[in-house]
Amino acid sequence: MIDKSVTSLEAAMGGIANGASVMIGGFGTAGMPDELIDALIARNIGDLTIISNNAGNGETGVAALIKAGRVRKIVCSFPRQADSHHFDAAYRAGRIELELVPQGNLAARIHAAGAGLGAIFTPTGFGTTLAQGKETRRIDGKDYVLELPIHADYALIKAHKGDRWGNLIYRKTARNFGPIMAMAAKTTIAQVAEIVPLGDLDPEVIVTPGIFVQRVVEVAPAYLAATA
Amino acid sequence: MIDKSVTSLEAAMGGIANGASVMIGGFGTAGMPDELIDALIARNIGDLTIISNNAGNGETGVAALIKAGRVRKIVCSFPRQADSHHFDAAYRAGRIELELVPQGNLAARIHAAGAGLGAIFTPTGFGTTLAQGKETRRIDGKDYVLELPIHADYALIKAHKGDRWGNLIYRKTARNFGPIMAMAAKTTIAQVAEIVPLGDLDPEVIVTPGIFVQRVVEVAPAYLAATA
Amino acid sequence: MINRFNRDQMAARVASDIPEGAYVNLGIGLPTMVANFLPQERDIFLQSENGLLGMGPQPPAGEEDWELINAGKQAVTLRQGGSYFHHGDSFAMMRGGHIDICVLGAFQVSIRGDLANWHTGEAGTIPAVGGAMDLAVGAKQTFVMMELLTKQGDSKLVETCTYPLTGLSCVSRIYTDLAVFSVGSTGASVIEMVDGLSLDNLRKLTGVPLSEFRGEAESRQ
Amino acid sequence: MINRFNRDQMAARVASDIPEGAYVNLGIGLPTMVANFLPQERDIFLQSENGLLGMGPQPPAGEEDWELINAGKQAVTLRQGGSYFHHGDSFAMMRGGHIDICVLGAFQVSIRGDLANWHTGEAGTIPAVGGAMDLAVGAKQTFVMMELLTKQGDSKLVETCTYPLTGLSCVSRIYTDLAVFSVGSTGASVIEMVDGLSLDNLRKLTGVPLSEFRGEAESRQ
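Protein chains in written order, with our numbering: chain F, 110 to 337; chain U, 110 to 337; chain Z, 15 to 235; chain P, 15 to 235.
Quick caveat, the hints were computed from the structure, so don't treat them as lab data.
If you're wondering where the values come from, they're calculated on a predicted model, not measured in any experiment.
Any given hint might turn out to be false.
[To be verified] Derived lysine-lysine pairs resembling DSS-like cross-links, with alpha carbons at most 27 Å apart:
#1 K270(U) / K251(F)
#2 K270(U) / K87(P)
#3 K154(Z) / K251(F)
#4 K251(U) / K154(P)
#5 K154(Z) / K176(F)
#6 K295(F) / K270(U)
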């Protein structure tokens with residue numbers, strides 16, 4: 110019997126080592142796997158490459174990871190925010206490398222990795238400084254930039270419900286990068302609000318089939334924990 | 110009020126003209142939009158380019174379209190089947206052009222069109238006769254072939270339920286090419302077993318958002334028609 | 015005396031150019047206000063880059079669901095008939111040409127429709143691009159909403175952008191507090207001006223060649 | 015006297031090499047039979063290219079649902095925990111390296127693992143490729159199941175394929191009626207033979223260089 114559920118956040122982090130590349134899902138508050146990130150910080154490893162849409166807000170999540178000095182490089186579309194002070198400080202001090210990627214190229218490159226493409230010609234960024242030095246091509250009258258897939262060793266994502274085979278469904282806009290990051294990482298670790306018995310998830314509505322998920326850990330949502 | 114539902118199969122075909130490129134969903138019996146194809150045949154136009162996984166079986170669907178002499182070219186992965194005699198005869202007589210595409214390249218090229226990519230480097234077909242004359246590249250130690258997106262003027266697909274905004278859900282393996290063809294065609298026409306009121310489809314389980322669909326027509330499934 | 019459009023009036027002006035049935039993405043900041051002026055009885059489909067179509071207004075205070083947010087990370091709602099999807103599909107919508115109109119803010123727009131809205135290029139600033147480049151090149155039409163002049167009185171409608179570009183030849187309309195412009199391969203033309211402003215005034219304020227708008231043929235091809 | 019494996023025995027032999035937890039795609043024809051020999055108590059995930067994962071056995075006669083079929087267009091069932099998805103996602107699974115093992119039939123396989131299974135190349139035949147090329151290059155391991163010799167007695171394990179190729183250096187194991195082979199960059203080796211057959215016999219039958227298998231280090235890298 111295959112059971113991908115793990116019983117602790119610590120166990121969910123097993124194997125992540127110095128120098129790993131780690132995708133982290135979430136867009137704003139929605140879909141941010143905060144508890145997995147806390148467990149990653151607790152693991153006490155560094156030199157990480159993080160692939161995520163933002164570079165952290167406030168004091169939690171990716172911001173805390175950066176504050177703890179664990180991140181060598183971040184690949185993201187929107188690092189600068191009102192409360193991204195931990196990233197800002199690390200960046201200004203030269204302690205963190207930034208690869209700035211337009212959000213659609215980020216999504217498409219992650220998807221390309223998951224789908225096994227070697228490279229893609231994308232329309233976004235042509236003629237801008239973000240395409241400097243990159244190969245370009247005019248195809249059917251339109252200009253494109255060649256972009257490489259983004260793979261990762263691990264993906265940390267947050268979903269709504271999961272089962273022991275790793276099938277996942279999401280909730281509202283918390284879906285965002287989860288499904289494509291799950292496809293692009295060697296090991297995908299999903300925190301879910303609830304692990305349900307196999308067969309409870311309707312096969313028509315499963316968004317991420319279990320083939321893309323290696324570990325599932327149940328983390329009660331904060332609002333439940335707060336009232337518990 | 111936007112209402113994409115049309116009340117007749119004839120109306121669903123509006124605008125399709127000689128020389129159009131038409132994607133047709135379905136894989137085997139599942140998801141084949143037979144009634145839309147019949148309506149296309151009734152429209153009495155020709156010189157069509159058909160993009161579909163197969164080249165028709167028996168006497169119905171794509172086979173009937175080929176038999177009627179309406180198809181100039183077919184782009185597909187698996188034309189030869191036990192009962193593909195109408196395609197076989199047209200091909201042997203030189204009356205139909207065949208572009209044979211590995212099924213995964215077919216899916217990826219259709220997806221690339223829908224997603225706005227200019228071209229993709231795909232692993233499939235490298236070193237085979239199906240990649241002859243195509244640009245290749247070694248990327249990160251693996252060989253790839255450059256493939257162009259496949260766009261179409263129209264897509265004819267079959268879904269399970271739809272609403273007036275064009276949102277669609279599918280049933281079991283009838284989903285197959287429907288969602289990606291809907292993305293790649295200028296005008297997507299979906300036949301559905303049932304048009305439901307707006308709001309009846311759960312926003313979490315809609316597979317094809319209405320943005321990808323221009324017309325929806327209700328066609329009772331054959332097993333209902335037979336008992337009616 | 016010149017009657018500037020205020021921000022609400024600018025938003026209402028943009029909204030009046032959005033037809034029923036349009037799929038529309040509103041950028042963060044000023045463009046978000048356009049939603050307030052779309053007539054409720056018209057089916058207009060708002061897309062948000064973070065994976066929703068059919069975005070509705072903000073929920074009442076206290077009823078926010080922080081897993082239902084827009085690109086600006088504000089709590090929103092979903093209209094009946096809306097749907098959720100992942101980032102891959104969301105940007106496929108934009109980049110695949112399925113969005114009819116996007117409305118963006120800008121630092122500068124050139125008379126040929128080049129857009130600069132993501133980075134001032136100043137030393138020491140931290141760049142952030144988000145989905146701006148994808149929207150600019152992906153939407154069928156890109157509208158810009160901005161004040162025409164900087165606080166220093168410089169025109170943001172320019173012959174050639176000096177700020178780093180977001181996209182080339184992508185903007186077709188510019189809605190400002192002083193005038194509405196069409197821009198594109200044939201240059202800039204003026205669709206309308208606020209009361210009290212003349213074409214000559216506007217030429218002086220902007221310093222760019224401006225013609226009178228003569229219909230859609232002059233707009234972006 | 016040589017004890018050939020029959021088709022059931024070949025299928026059982028392949029099945030015995032599929033570990034619990036594996037994601038497996040079985041090609042149409044002979045490989046489909048492998049499903050009959052996977053132990054029910056083991057969680058092995060069968061993927062079908064037309065958009066399902068967790069494929070179960072054929073339904074009883076009369077209970078077919080023709081919207082639930084496999085790649086060979088036969089009616090199948092879905093196991094509890096299975097899921098449906100579209101063709102884009104299905105081939106992303108294959109091509110993105112998520113399928114552990116695929117089992118395919120073949121016309122010829124070379125000692126370095128080149129595969130020919132889609133087209134005889136004969137004049138007048140109509141080619142059809144389906145998903146074979148995607149599976150061959152996409153799965154982590156490609157197993158071939160075939161009779162070792164043609165009806166004319168020619169070996170289908172060859173030094174160099176003469177039929178049009180499906181994929182280069184993609185096959186790692188060949189399961190035949192006479193022997194099981196490992197193939198790859200270091201050539202072909204024999205993992206096991208039917209009773210009554212010697213390595214020398216096998217060399218004569220195939221006409222290709224064959225060594226004894228010395229463990230996984232010799233298999234595909």
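Now for the hints, and whether the structure bears them out:
The straight-line distance between the Cα atoms of K270(U) and K251(F) is roughly 36 Å, outside the 27 Å bound, and the hint therefore fails. Simply put, K270(U) and K87(P) have alpha-carbon atoms about 23 Å apart, close enough for the 27 Å limit, and the pair holds. The suggested pairing of K154(Z) with K251(F) holds, with an alpha-carbon distance near 14 Å, which does not exceed 27 Å. The hinted pair formed by K251(U) and K154(P) meets the criterion: a straight-line CA distance of about 14 Å does not exceed 27 Å.
Annotation: proposed proximity of K154(Z) to K176(F) is violated, straight-line Cα distance about 42 Å (limit 27 Å). For a cut-off of 27 Å, the pair hint linking K295(F) to K270(U) is broken: about 36 Å separates their Cα positions.
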